[in-house]
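Undergrad: Below are the chains, spelled out letter by letter.
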Amino acid sequence: MSLTQTLVNSLSAAAVYALVALGFALIYNTVRFFHFAHGIVFTGGAYFVFLLKVWLGFPLFFSIIVAIGLSAILGCLIEISIYRRLRHKGASSLILLLASLGVYVVLQNIVSMVFGDDIKTIRSGMVEEGINILGTKVTPIQIAIIAVSLSLLVSCFLFLKYTKIGQSMRAVANDPELACASGIESDRVILATFALGSALAGIAGILVALDVDMSPTMGMNALMMGVVAVIIGGVGSIPGVALGALLLGMAQHLGVWKISSQWQDAIAFVILLIFLLFRPQGFLGRKIKKVTI
Amino acid sequence: MLNVEELETGYGKKQVLFGINLEAVEGKITAIIGPNGSGKSTALKSIFGLIPVWNGNVIYNGEPIANRGTRANVNDGIGFVPQGNRVFDEMTVLENLEIGGLHLRRDRFKEELKKMWGLFPELEKRKKQNAGKLSGGEKQMLALSRALIMTPKMLLMDEPSLGLSPKLVTFMMGHIRKINHEFGATVLIVEQKVREVLDLCDRVYSIKLGKVAFEGSPEELQKDKGKLKHLFL
Ligand SMILES: Nc1ncnc2c1ncn2[C@@H]1O[C@H](COP(=O)(O)OP(=O)(O)O)[C@@H](O)[C@H]1O
Ligand SMILES: [Mg+2]
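Residue numbers (the numbering used here), protein chains in the order written: chain R, 25 to 317; chain U, 465 to 697.
Keep in mind that the hints were calculated from the coordinates and are not lab data.
Hints should not be assumed to be uniformly reliable.
[Claimed, not checked] Calculated pairs, DSSO-like style, for lysine-lysine (alpha carbon to alpha carbon, straight line, at most 30 Å):
hint: 1; chain 1: R; residue 1: Lys185; chain 2: U; residue 2: Lys591
hint: 2; chain 1: U; residue 1: Lys589; chain 2: R; residue 2: Lys185
hint: 3; chain 1: U; residue 1: Lys672; chain 2: U; residue 2: Lys617
hint: 4; chain 1: U; residue 1: Lys492; chain 2: U; residue 2: Lys693
In this text the structure is predicted, and so the values were computed from the model without any measurement.
Next up, chain U with everything else stripped away, as it sits in the complex (with noise of 0.2 Å):
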């Protein structure tokens, strides 16, 4: 479904990944964990044309999308959800979801709708409350919609379980499996919390400056804790 080879971008001069190959298989979810600061958060915004794409290619659905700007993206079905609880704070939980799904008409839009009400009824009764007032928990709830809205067939999460508690986070994780399953979403997911995401994901990459330093099964990592233990030094 999504392709990526030799991946290379950076901020300004200064380079960030060197190659990055991966592939997210249809129908799966496909994780992407590393240490802080090694690129992960890199690799899903040059994917996605958030930043540009110095050198290699993104292939979705056998075409290259590499530099064809967001807009493009999300309206050939793929979702975004970056890192941080990110939710438009000035604006209504409403309002952002309508800014989700812009490019919808207006009926399509209300029956997407009424599905994110139906995943998340807390949002439903603060729908017309400033997004800035949610708990970290629910921002990241509206984050998720406000992407899957769109009903994406390909949905970039880079840690949707940041900041979350330990309960929130098996709650997101179901979610996030519901959504793979239910909603028939691909998922590539950035995670940090290794154990949980190890327990979620089909197939597991490690991106360790700016490389990918593993890749394989997550059964893998969960039997040799030593392997888990070196990618993350």
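Next up, chain R with everything else stripped away, as it sits in the complex (with noise of 0.2 Å):
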């Protein structure tokens, strides 16, 4: 495989990561904890594009935006159902995680009984012919994987940056009680939050569908490549999360060029454990401190 090849396809696995790592960490700095069912939403996108076309009929872009629709209210779901009342009980960080990871189990199997754990695909009909740039092929997919990606980032971006409800979701994230105290209704801020980073999960899990076809379990090594470039990025910074992902995606890319790419994986642990150990607040981190009124 040649180094543009490769380049062009650490780049596409970044986009996909940075993806799945903003929505997470959008959701983990309003609620501090790891939202692993984030994961089975990645998973939900690409099904409800599977159950709206392949087994409903209805057109592929049409099956797409409405599985967009469903990935946001698939994550509010999980977030009003569960997490809401546990916190309302005063749950603790490490409860709504164990929560999180019950869930996510729970919604794999269903998947994998409605669906089957057989490798389903939304390509058919797909034109598959490469684009020749730089002597290199890439493919129609890679292009709106990067390009999607590159300008949701930006929009989110600009979003938390210039909208109400976006400058209200980063007082949540930087201190909850002020925000509070300032009249926001954090329950309303986190719902938004889930919306919105449930709907770039299920973006990812679609664009991943349409690469590379889906399985059940597709959500689980998609959420721990996010969890990753998040912590290697920081939390907190949407260009920190960013590179977290290019970082992780060059690495795992060029890591595996001369060699199986059954390391990739392994590389991105190591790339973990190296952050965790030596840089535990990441490239563009915070540090995270506790108060109270």
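Can you join these two chains into the complex? Each is in its own frame, and there are hints to help.
TA: In structure tokens, the structure reads:
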């Protein structure tokens, strides 16, 4: 494989990691626990498209749009039915994390039961012809992944900076009590964050399915890579998350350039361990503080 | 304006307040003093709805407002400045004020913003800076402006002088008086700097071990130093 080909592959991998990581980080920042069920929302995005397009016969584009909405709704339902209740009972972050693992397992099993464990595709009828760029074959879906991811990163950045709801999300992430003292209803902001983060996860899942098909376990791997990217980049900054994803994608693909691609996950986790040991706040991260009014 | 009746609250199973009664009269400055850990902050937080009221009433303009949520209180003209120079330290000065005025229309917000810059010109010079980079005094100015931007009719303040130099304490107290006079805000202030706050307030309550231990005019305490000392033992 040529170097440019490897670079393109690592960019498109990084683009997916960045989307998963961004949604994960947005949610983490407002609720302060690892929302593992984010992985199943990713899977959900892909299977919603499969359901709509293959089983129900809707056109691909329509199916994708509806599936993104359904992913957002799925995330919100998890928040309302499980996390919010636990939060109001004063559950600790550890309890919430365990609950999120439970939600992940249950929902993944439901996906298996409904759709089966075999690999499913939504790619039939798509143009697969690669485009030649600098002697490298780039598929249209790879270009789409990179373009969609980049534009979503930029949009989210602007959204958080300039809209009222985006500012409220940052306020709740920065200091939940002070946000409440300012008259912000954190439950509403958290719900909006789940909607946004879950839509991003759904989009990432759909993009991956369009690239390499789907299986019920696809979300766990994507989530792991997203979490690694967040930890490398440092939670709490979109440029950090993007940088973390880029570094991870590069390291994985350049690292296995000349060896078997089975080593990709090992590389990711070695990087994770290095960061946890030597720079737990990530590249552009902040120290997490705890204060009360 | 604000009446608190037999207020009981706490954290988890631990009760902190055991039936507090107090009144903040319209247009006046009412102070709450008392030793550390006696429940002053807890009283303000439960009045404002940051923590639940277990028992008793909070009456604002004749309406019960206990446990109705902070958003309703903010929109109803109650502002809260928490203890400890709290600002959104990862957001800019201007963004802090935008959060304070989140529920205002854009043109109204701009008007109010001008008033804040007039009140604290230092803040305007630093409006693009991260609030985390401000000095303690500037943070307190920002914390106060964040609440003031909604032009509250009732302002709850928790130790606005905490951690400030004596000069800044005087400056803050002067501004609180100004807010009371010029903005017409009724003030309920928790303060440890007793001498300064007794000069400022019209009425004073002392909380000790979760109960009101004294209620009266500031002059009474200024004259009787022994009584004042007793309240802090
Ligand atoms: N978040 C909290 N969780 C549990 N206990 C608290 C909390 N905040 C305050 N307390 C306890 O409540 C009591 C009153 O505290 P507080 O109202 O902050 O006192 P003050 O403001 O008068 O110094 C203290 O015993 C304190 O330890
Ligand atoms: Mg206090």
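Undergrad: A separate judgement is required for each hint: does it hold in the structure or not?
TA: Results for each hint:
| no. | hint | verdict |
| --- | --- | --- |
| 1 | Lys185(R) with Lys591(U) | 15 Å, holds |
| 2 | Lys589(U) with Lys185(R) | 20 Å, holds |
| 3 | Lys672(U) with Lys617(U) | 28 Å, holds |
| 4 | Lys492(U) with Lys693(U) | 25 Å, holds |
When held up to the earlier numbered hints, the structure conflicts with none and fits them all.
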